[in-house]
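**Student:** Here's the letter readout for the chains.
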Amino acid sequence: MDDPSRRTLMKAGGATLGAAAFARAMAPITEWAADLSVDEFLQRHYKELTRDEMDAVLRRIEAKTKEEYGADVHVEDVRPTPGVQFAYALNLSVCIGCRRCAKACHEENNHDRATNNSYIRVLEMSNGSLNLEHGTVTYDHEVPAPGKFYMPVQCHQCDNAPCVKVCPVEATWKESDGIVVVDYDWCIGCRYCEAACPYHARRFNWTKPEIPAEEINPEQAYLSNRIRPQGVMEKCTFCLHRTRKGRLPACLEACPTGARVFGNLADPDSEIRWVLENKRVFVLKEDLGTQPRFFYFFDQ
Amino acid sequence: MSTNHEQPDVQDGPDAVLSYPQFLWKALGVATDGGPLFYVWMTLLTAVWLVGVNAFAHQTVHGQGLTAMTDHVSWGMYIGNFTFAVGLAAGAVMMVIPAYIYHDEDMHDVVIVGEILAIAAIAVALSFVNVDIGRLDRLWHLIPGIGRFNWPVSMLTWDVIVLSGYLLINLHVVGYLLYMRFLGRRPDKRWYLPFVFLSIIWAVSIHTVTAFLYSGLGGRPFWNSAVLAPRFIASAFVSGPAFIVLALQIVRRFSDFHVGDAPIETLIKILRVTALANLFLVFAEVFTEFYTGGSHVAAAEYLYFGLHGKHALVPWIWTAIACDVFAAVVFLTADIKKGLWIIDIACVATLFGLWVEKGLGLIVPGFVPSTLHEVVEYVPNLVEWKISIGIWAFGLIVFTLGLKLAVAVFTDAMHVDGDPAARKA
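So the protein sequences, as listed, match chains P and F. Just so it is clear: in the first sequence, position 72 is 72 by our numbering, and no numbers are missing. Just so it is clear: in the second sequence, position 219 is 1219 by our numbering, and no numbers are missing.
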């Protein structure tokens, strides 16, 4: 048809136009990538960081929180205590479904304010059935309602955790004290763990969490309540930044009825041991073989 | 590829290594040269792809919060399309088996179309995974030895291995055969036959592993079924051949490449069996779910009839089943001597049906109801449609260019400088 040089010229023109259009289409991502530091990009897995490297990472997170959220925070790497085995039990006979635990979790763990996220979901169940099909989390009336009982559900810190098994990059694992944690700086955000969890315990950071500076809980830990990056998984850590220092989980402290019992399974005198030995205890979805560290019990 | 006995058995001539840049350069020429229809087609695909690229760039910056996914339905459009695309790639093997195991000479001449489809479909599948993950910048964490590769425990690591392996095998086979033909040489069987046979086993593995990804999850009753992997394979052996039946007719119409009726007839014979096998497995699954009843059936109930007044998928799945049944009947009864148009309609219908059934119809009910039995629906939004259609456009770009290159090489329009065989042609 037309002469080769004209055709070549048109091809070159087309290629230039195409490349320009591509660059334009990708423009937002290049700005985003410029914001990502080399240190962050190359950071190793939690278990591979030396003490010094971890210190540098913690200081960087603090500086970044200051820069992006305007809050002075203290981020620690709190390790498990040898010989401690955490477990949690919840008394369904006294829980009134007030959802103060969910609210305390929201505040303690620096959750995104707009979504009102929390690691705890409280199910309102009808007396006479433990079938989750008959439960609802969206109840909106005075509690406790007649004929109902309430079942808060959070991470069960399973000994045979499906979420840990499926993670392709070992970004989530079980610590020696039984707590399942996520390295928020290693997670690739594939959400396979979220699909694998039978208890709806995992959450994804669909957007960058937004919290006003004055509402940020400044006492933070690398593996628990520091403000999570966008695009990674998060979950309940039994408030390890508190519990590993001898304090109780925020949800327990907020509970007005004393329905929650937390402690060290390895301590024969602990309350949790007494509950497990003397109450009629059950775990959720026992047939799945997940071996939860979270137990439910009735008084009567 | 063309039958080998047509090839002159010469191993001298242009140097195999030094001629490679020439091959790439000429391939670039072929890929950017064509008639007006080609330019219109490629410009259209590029434009659609760029819309997707732009939506993806925004999604990367603002997070997957721009999609309709939630913590209740945490996989959606992307993973659904991923699953369907893996099936398409695996289904291409239904040309390789007749060509290489049954020595069907007619199929042998066109089997490269299937192998190029495998490459394009894997490119699509991998793209869908990449747009789904939250931290693309951390993809290197998946590289064995550099990151932390949770193999063999995580099924996702198996999927990484089988999908990239399948891509490499097919790239090698296609690349090797095209390059040898380009040089005017007879391909050395030792360099491609083992890989062809490997690709057959590998094709089954990619869809099996992808099924295991879901079926291994005890907390998701809808997926936790042993029949899932066989269903995946059966549907792949419908979608792959159906796509190739259409592709072969397009190649025949728009190029000088010789495509006879025999390969198409063989594929229709395959479709007669696989379309029925697929429907049978769907039926087996549906029977087990509904006859058993109980809480196990809730997800299937949501898919087929709706649950607690939520029924977003109901019209889709019934349309899909109607399409699959219609196609199966057409494949069984149509008289292909009277023309292929009814077969073509059936192929399009079943491709749509399987896209629903192996796409959103498979993924979403895994999440509805949720593990705590909440019924939260999911309907993909504009961002997800843009990105998804963009990726399919990208796949069609790869497929078109691959076919164009293959046609140019096999019709001897593209050959090495000074190749005696090509001069003759």
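Don't read these hints as lab results, they were simulated from the structure. Be careful, since some hints might not be right.
Said to hold, decoys possible - Straight-line alpha carbon distances no greater than 30 Å define the calculated DSS-like cross-link-like pairs of lysine-lysine that follow:
#, chain 1, residue 1, chain 2, residue 2
1, P, Lys11, F, Lys1026
2, P, Lys148, F, Lys1026
3, P, Lys285, P, Lys11
4, P, Lys66, P, Lys148
5, P, Lys47, P, Lys279
6, P, Lys208, F, Lys1026
7, P, Lys11, F, Lys1310
8, F, Lys1026, P, Lys285
9, P, Lys208, P, Lys165
To be verified - Some but not every residue of chain F turned toward chain P, in silico, with C-beta under 10 Å:
#, residue
10, Trp1049
11, Val1129
12, Leu1142
13, Gly1145
14, Arg1220
15, Ser1255
16, His1258
17, Ala1262
18, Lys1338
19, Gly1339
Ideal Cβ positions, reconstructed from N, Cα and C, are used throughout, including at glycine.
**Student:** A separate judgement is required for each hint: does it hold in the structure or not?
**Tutor:** Right, here's what the structure says about each hint:
1. P:Lys11 to F:Lys1026: Between lysine 11 of chain P and lysine 1026 of chain F the Cα gap is close to 14 Å, so the pair holds against 30 Å.
2. P:Lys148 to F:Lys1026: It is violated: about 75 Å lies between the C-alpha atoms, which goes past 30 Å.
3. P:Lys285 to P:Lys11: Outside the cut-off at roughly 63 Å; violated.
4. P:Lys66 to P:Lys148: With a Cα-Cα distance of about 45 Å, the restraint between lysine 66 of chain P and lysine 148 of chain P is violated, given a limit of 30 Å.
5. P:Lys47 to P:Lys279: The hint is violated at about 38 Å.
6. P:Lys208 to F:Lys1026: Judged against 30 Å, a Cα distance of about 47 Å means the pair is violated.
7. P:Lys11 to F:Lys1310: With Cα atoms ~52 Å apart, lysine 11 of chain P and lysine 1310 of chain F exceed 30 Å; violated.
8. F:Lys1026 to P:Lys285: violated (62 Å)
9. P:Lys208 to P:Lys165: Status holds; Cα separation ~27 Å.
10. Trp1049: holds (9 Å)
11. Val1129: OK, holds: valine 1129 of chain F within 10 Å of chain P, min 8 Å.
12. Leu1142: At 6 Å from the nearest chain P Cβ, leucine 1142 of chain F passes the 10 Å test, so the hint holds.
13. Gly1145: violated (13 Å)
14. Arg1220: OK, holds: arginine 1220 of chain F within 10 Å of chain P, min 7 Å.
15. Ser1255: violated (18 Å)
16. His1258: Since chain P brings no Cβ nearer than about 25 Å to histidine 1258 of chain F, farther than 10 Å, the hint is violated.
17. Ala1262: violated (35 Å)
18. Lys1338: Violated, because the Cβ-Cβ distance from lysine 1338 of chain F to chain P comes to roughly 38 Å (cut-off 10 Å).
19. Gly1339: Interface hint status for glycine 1339 of chain F: violated (33 Å vs cutoff 10 Å).
The structure fails hints 2, 3, 4, 5, 6, 7, 8, 13, 15, 16, 17, 18, 19 (numbered hints given earlier, in ascending order).
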